[in-house]
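Chains U and R, in that order, are what the protein sequence lines are.
70 is the number that the numbering used here gives to position 83 of the first sequence; each next residue is one higher, with no gaps.
Just add 273 to the spot in the second sequence (first one is 1) and you have the numbering used here.
I should point out that these hints are in silico values taken from the structure, not numbers from a laboratory.
Check the hints yourself; a few may be wrong.
Computed footprint of chain U on chain R, listed as stretches where at least three residues anywhere in the stretch have a Cβ under 8 angstroms from a Cβ of chain U [to be verified]: (1) 284 to 294; (2) 302 to 311; (3) 372 to 385; (4) 447 to 460.
Derived, one-sided and incomplete: chain R residues facing chain U with beta-carbon distance under 10 angstroms [to be verified]: (5) 298; (6) 428; (7) 500; (8) 543; (9) 548.
Note that CB positions come from ideal geometry on N, CA and C, so glycine has one too.
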Amino acid sequence: MIEARELTKDYGEKRAVDCLSFTVEPGIVTGFLGPNGSGKSTTMRLILGLDAPTRGDVTVNGKHYRDHPAPLHEVGALLEARSVHTGRSAVNHLLALAQTHGIPRRRVGELIDLVGLHEVARKRAGQFSLGMGQRLGIATALLGDPQTVMLDEPVNGLDPEGIHWIRNLLKGLAAEGRTVFVSSHLMSEMALTADHLIVIGRGRLIADTSVDDFVALASQKVVLVRSPEVARLRHLLAGPDVTFEAGERGALEVHGLTAEQVGDVAAESGIAIHELTPQQASLEEAFMNMTRDEVEFGHLEQPVEVAV
Amino acid sequence: MSAVTPIPRLPHLETRRQVSQLRVLRSEWTKFRSVRSTAWSLLLGVLLTIAFPILFAAVTSARWGHMSPQEQASRSPLDIALAGVNVAQLAIAVLGVLVITAEYSTGMIRASFTAVPERLPVLWAKIADYAVVSFVLMVPAVLIGFFASQAILARHDLLQISISQPGVARSLVGGAVYVTLVGIFALGIGAIVRSTAGGISTFAGIFFVIPPLMNILPTSWNEAAGKYLPSEAGRQLFALQHAAHTLTPTAGGLLLLGYCVAVVALAAVLLVRRDV
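Chain R with its partners taken away, still in its complex shape:
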């Protein structure tokens, strides 16, 4: 411990301004960029988004000669290009949960809500900062994954698709939109549950445990209900082909957005009403 001034005197502060949403946005940005988990999660999300298409493109190229004609016909270049999105969503969702639950586990939330006793500006700012950053990083990551996997497949003259073909650009941007919405959903869950472990497991339950369970249901039930799951609805944002029993990209995207709005609305109500 360093020596302290013998007679402490608090220096006066001339400027006195009020809390505003813009200032809280700036504050949350400082919080966001100043913890390590942010950089690690985002880096992991971006790397997975890029690495999986490259890996799958390489494996597909190498194994192409050994594949049956049906298997070859079932390969889709866009599935390969967007393979990382399914994995990256976990890293991004964990970050979404942590953005809010880490404040509860460390007690920072008390300082945050003492500075901003209206509380809601903190939630809005967290969502805004977080959504912008993950979208801005995911768009180039998805594009790099696409062009890299296409370049690898091109060397073997396989599965070429142009970004100008119908639905391709939409699917690529849709992948980035999907991950961003998933992150917002996870952040909302985190704000409701208020614990990191609880938030991550609730999210994983909804996105990774319930969907495979649906396969146990009779096919007609699964096809009727399964498309309304957040993961299944959201997947239509970056799926090129759509079956009769799936939603359109617009409907699926809107439904996932609706789930996000519902979760965040519940989080907002609880945030204001609960004791910290």
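Pulled out of the complex, with its shape left as it was, chain U reads as follows:
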């Protein structure tokens, strides 16, 4: 469980996190979503006590991170910036961190095996590829068998197999009742992994919602209708909040009404309907709609990357 209350962080004149309040619940995967530079990494550093908040407060499992006598058993974190000495092997890196908590040496081997680094475990971390470095970071996060797992952009640099692996891992961890908090700037990634979303832009909370509600909230009501009497239907549907667009092959796109509303009107007037399809906005569209005003630099096409 992570609880942030009015969390605020200024770096000089620049406000990186702005009065952010949210709760990350155990047992589900919570996605932490926002464009690049929106304050996700700063928030995570504040949670870990690496940076001190300008105002506000954040606790993990009921205490400030710093007040936990065995923090690696409470929270396992992967930060976006690499946090490994490049001259040290993966084994020694993990061993040094394990020793601070008296975690036995065999645990290091278990984690190396779990993340699939056994072949390079004794190589210097500076020679690792981005993906291997990411796996080492994930091993570091899981070293203490923590109640709360917090990963900043974990899929960065992973190959498709690795991405698939991390998704399953996160879902498994949540199913065991752990708190799983994962940041990403890729909506499509969150759609496949997360149950709940915390969306921020320019350091401010934009949405704190389930993935399903998020789409409904952000997407407009759009219904595609196909009917032999399309002109009469259009006349009957007209209203102040309703607009129309011509769809493909004579179809009509109705904006501002649900499929139910359109179907009822047609039935009352005895109009035959050949197709009635609610047009779901994709998560990526929903995300872009929501953060349109909150993107740090220039136009939206630039900062929001869309995964394929």
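Following the hints, complete the assembly by docking chain R onto the known chain U.
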């Protein structure tokens, strides 16, 4: 990249212990021994400490016949035996800076302070591990330098001095103490500056740039103030002769220790207060 298990499952950990200073000490020891720069710097420090006395003893023996009586009288066997200390201190100081700044440059510090959010145990452990190792290596290095240079000089029956003579044993151990304190000073500087280049140049400025600049001052000023410089105060630990305007070995050693305490205290305050 090797194949990974299809359904990853995190194995459970039965033992759950807390962070303690002793555990952090062990952790820092693992860090210390597991990077190459440690071994190279220490090896270099030890080799310089041994090689310079041998070199100077050989040169002095070979050139003795060509020296004027005054020059011969100005040669001191202990200066020769401890010639390496002045050079070795640079290698040891660079290592002292690196012990902490390499964590900042690589980002390791974030992992370290996530594991030990109180932070200070990390600093204490680094100083302890590092000081013990450099002292334990420097004592035999200094002794080897002493006996080797004496053996070379003995073949020409020159500049013989016994370790049992007053001040000799103190100077030899003092050389090792000096290098160790210099290393701690450098580590503190590194923790304050947080960058390798900045740490090394700050250290070099204090120990190698300011002292010669003092010679530009009027002699009376230099003699009044120069003895309080960390390098000059610390040098008294391994100097056999003491002039009227220099500190005693005890006072000089304590002053250098005081500088170390001040630098480390500042480092500790900043370490706790600054964002990582």
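Hint-by-hint comparison with the structure:
1. 284 to 294: With 9 residues in contact (Cβ-Cβ under 8 angstroms with chain U), the coverage given for the stretch 284 to 294 of chain R holds.
2. 302 to 311: Per the Cβ count (6), the hint holds.
3. 372 to 385: n = 9 at 8 angstroms, threshold three: holds.
4. 447 to 460: With 0 residues closer than 8 angstroms to chain U, the stretch 447 to 460 of chain R misses the three-residue bar; violated.
5. 298: Holds, about 9 angstroms.
6. 428: For residue 428 of chain R, the interface hint is violated, since the closest Cβ of chain U sits about 44 angstroms away, which is over 10 angstroms.
7. 500: At 40 angstroms from the nearest chain U Cβ, residue 500 of chain R fails the 10 angstroms test, so the hint is violated.
8. 543: Violated: closest Cβ of chain U sits about 13 angstroms from residue 543 of chain R, beyond 10 angstroms.
9. 548: 4 angstroms, holds
In this structure, the hints that do not hold are numbers 4, 6, 7 and 8, in rising order.
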